[in-house]
Amino acid sequence: MSLIKKNLDRRGVLKGSAAAGLAAPMFFNGSAWADGHAYLNAPKGKSVTLGFNVPQTGAYADEGADELRAYKLAVKHLNGEGDGGMMNTFKPSNLKGNGVLGKKVEFVTGDTQTKSDAARSSAKKMIEADKAIMITGGSSSGVAIAVQSLCQEAGVIFMAGLTHSNDTTGKDRRANGFRHFFNGFMSGAALAPVLENNYGKDRKAYHLTADYTWGWTQEQSIADATESKGWETVEKVRTPLGAGDFSQYLTPVLNSGADVLVLNHYGKDMVNSLTQAVKFGMRDKQVNGKDFTIVVPLYSRLMAQGAGENVKGIFGSTNWHWSLTDDGSKAFVKSFGQEYGFPPSQAAHTCYVQTLLYANAAETAGTFNPCGIVEALEDFEFDGMGNGPTLYRGADHQCFKDVLVVKGNENPTSKFDILEVVEVTPAAQVTYEPEHEMFAGGELGECNSGAA
Amino acid sequence: MDAIILQVLNGLEKGGAYALIALGLTLIFGTLGVVNFAHGALFMLGAFCAVIMRSLLTYEVATGEVEATAWGTEVAVTTPYVTQLFGEFGNTLIDWAVPVSILLTIPVMLIVGLVMERGLIRHFYKRPHAEQILVTFGLAIVLAELIKAQFGANPIPVPEPAALGGMADFSGIFGSEPGTITYPMWRFVYFLFSAFIILIVFCFLKFTTFGMVVRAGMEDRETVGLLGINIGKRFTFMFAISAMIAGLAGAMYTPIISPDYNIGMEFLVLSFVVVVVGGMGSLGGAVSAGFLLGLLQSFSAMNEVKAIIPGIDQIIIYLVAIIVLLVRPRGLMGRKGVMET
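Chains H and B, in that order, are what the protein sequence lines are. For the first sequence, position 40 (counting from the first letter as 1) is numbered 605 according to the numbering used here, and the numbering increases by one without interruption. For the second sequence, position 51 (counting from the first letter as 1) is numbered 401 according to the numbering used here, and the numbering increases by one without interruption.
These aren't lab readings, by the way, just hints derived from the structure by calculation.
Below, a list of computed lysine-lysine pairs in the DSSO-like style, where the Cα atoms sit at most 30 Å apart: (1) B:K498 x H:K899; (2) B:K656 x H:K680; (3) B:K498 x H:K980; (4) B:K656 x H:K855; (5) B:K498 x H:K690; (6) B:K498 x H:K680; (7) B:K656 x H:K801; (8) B:K498 x H:K637; (9) B:K656 x H:K850; (10) B:K498 x H:K877; (11) B:K498 x H:K689.
Source: prediction; values computed, not measured.
Just need the whole structure built from these sequences, with the hints factored in.
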């Protein structure tokens, strides 16, 4: 079977059904898409299949494994098993705990290998052979953008996993794609005031940046945000992905006059560059009469474990952290911890939330038709999912919520207690216009239901 | 000037690792005529010998106390058994886990080398190089996946001993202000370690009868065999020695880059370039090219160099390889005729 591209005229339908009051998604029950509209992989039996596309091999395999654990937990909760986790705190919710739209939720998995081509192949296989109605997952922006584009062409919904590049909901945004995770701009907007408070206005920053879409957009975001606070950006140096040994990139920092090193690295690169920077004595140096400092704008607890003691006292940002004490976070940590014996990562959290949000959108729309899902998710406001009140903005399909500024815990009480939340930055402070220059140039286009 | 000295130090340390891996590669090629693409995996196995040694020393046992978790269950409080058994000496053992791991790495890698050569490689002596590359590359993937299945995909931090951590100050040697030319102590230790291993290998080959026979076998295997010497056995042993060198290089490298299952692959390609540039089968060539390319790689990453040729840091090694292959196909110190026909 081929994935036939055929966009339905959603705007036309919307205009025609305006009298039905569909313009208020918050109170919306059942959509124009609920009946009579064909769509790709419409479930015919008593079950519906979701496609979990995560890195099961390669550098991010551990993160992928945690995502998969979260997905399995979400499926369990959707089918009415277990303690329900965040289904008990999520509001407003139409989830009933009897599957989705009365159909038992089943799933298939694919291995992205953290490679765009492999991720597209596994997503394509899940859509064509396994009849997956929705694809979700991923631990890299390059992969997320590639799979999002495929899902748009195919006509299924893509609920992104861990992807932090501005481009995912910026220049590469798609109508069928949705991102709950935060982005580089938000990291910059949340971090800059904290950095200013802790290190002052007169600082010179040196950026080492992973040479791909995520690194570029984060570098720009952090540089712009810190420059707006009076910092000077001394140098921006691109490093090859997976460089391993960063010594040749770190030694020039020592003689550059910079007093801050910003590491726009994630995963293994972050572990290596941070560990090596510390071993090059950067945290003990004095430059321009100030203590030299290091910043890691995007933290992952799973990865920070690899850097060991070196993360202590280093600022960064994260989408969510298991130590949060709101009802949603507590319910999720309890559920996940009892199931697996350790707390969930931010990747696990965003994947779990995305699955519940998708299921709720289907219940709200009364259909699995991607265009109905899009309509239900656009401008949907919700709470109880661990990030406070959250908006899924219709203009770019990006979630807007509070952002956590964290730093490496100086006095950890367990091996999971690596990061300490130092500030919860309100959503308003990290919100931007859909056509902000860092996000401009993209068009959502029309939703695609994949109907032949 | 300070920046140049620091990059020289970087280049020497990097070159040390390249030279050690390339030395083993070229020994295997020189003795057995095998192109061993699993050599990076041997480096990785050595690194995981250090990880295993540290895991063994830090293995924790319950103290009898329990503590509550955030998800409402209780877990036992644990502490390393060596600390329980030996007190402060136990902590010192944990601190020196990487140097201590050499005691584990040497026998493990010798056995791995022997099993690999006897069990697999010897069946491919007379097969084309392409088949040797395929089978050894396949073996490298299997070994990497086995390590990943056991240890996961994330890098595992292995710290150096506290006494060899911190920074070494070279400012006085170069007449600079104190604190201006500082370099991580362990990286310098690694350079000295690699130089020491290289020296031992050269002395072994140069001044022992065994080494002399091996060198003679590398020149003319058939004639040495006609003299009644079982050169095959000696070459098998050299394979094990090469595996051990790669393993030691990996074990001691763990404080520099936290090892994961893929660390061998990252070094393998570069080390092959080193062997090709130095000259296939040339021990001196491998060592010289290792240090040369380490230095070039470090200098090319300087911002002043990249301002003139952007991106040069990412291609320099391959650029040198292309030039050497075009101008002098046998490599810098390769034997006449090798790779030239």
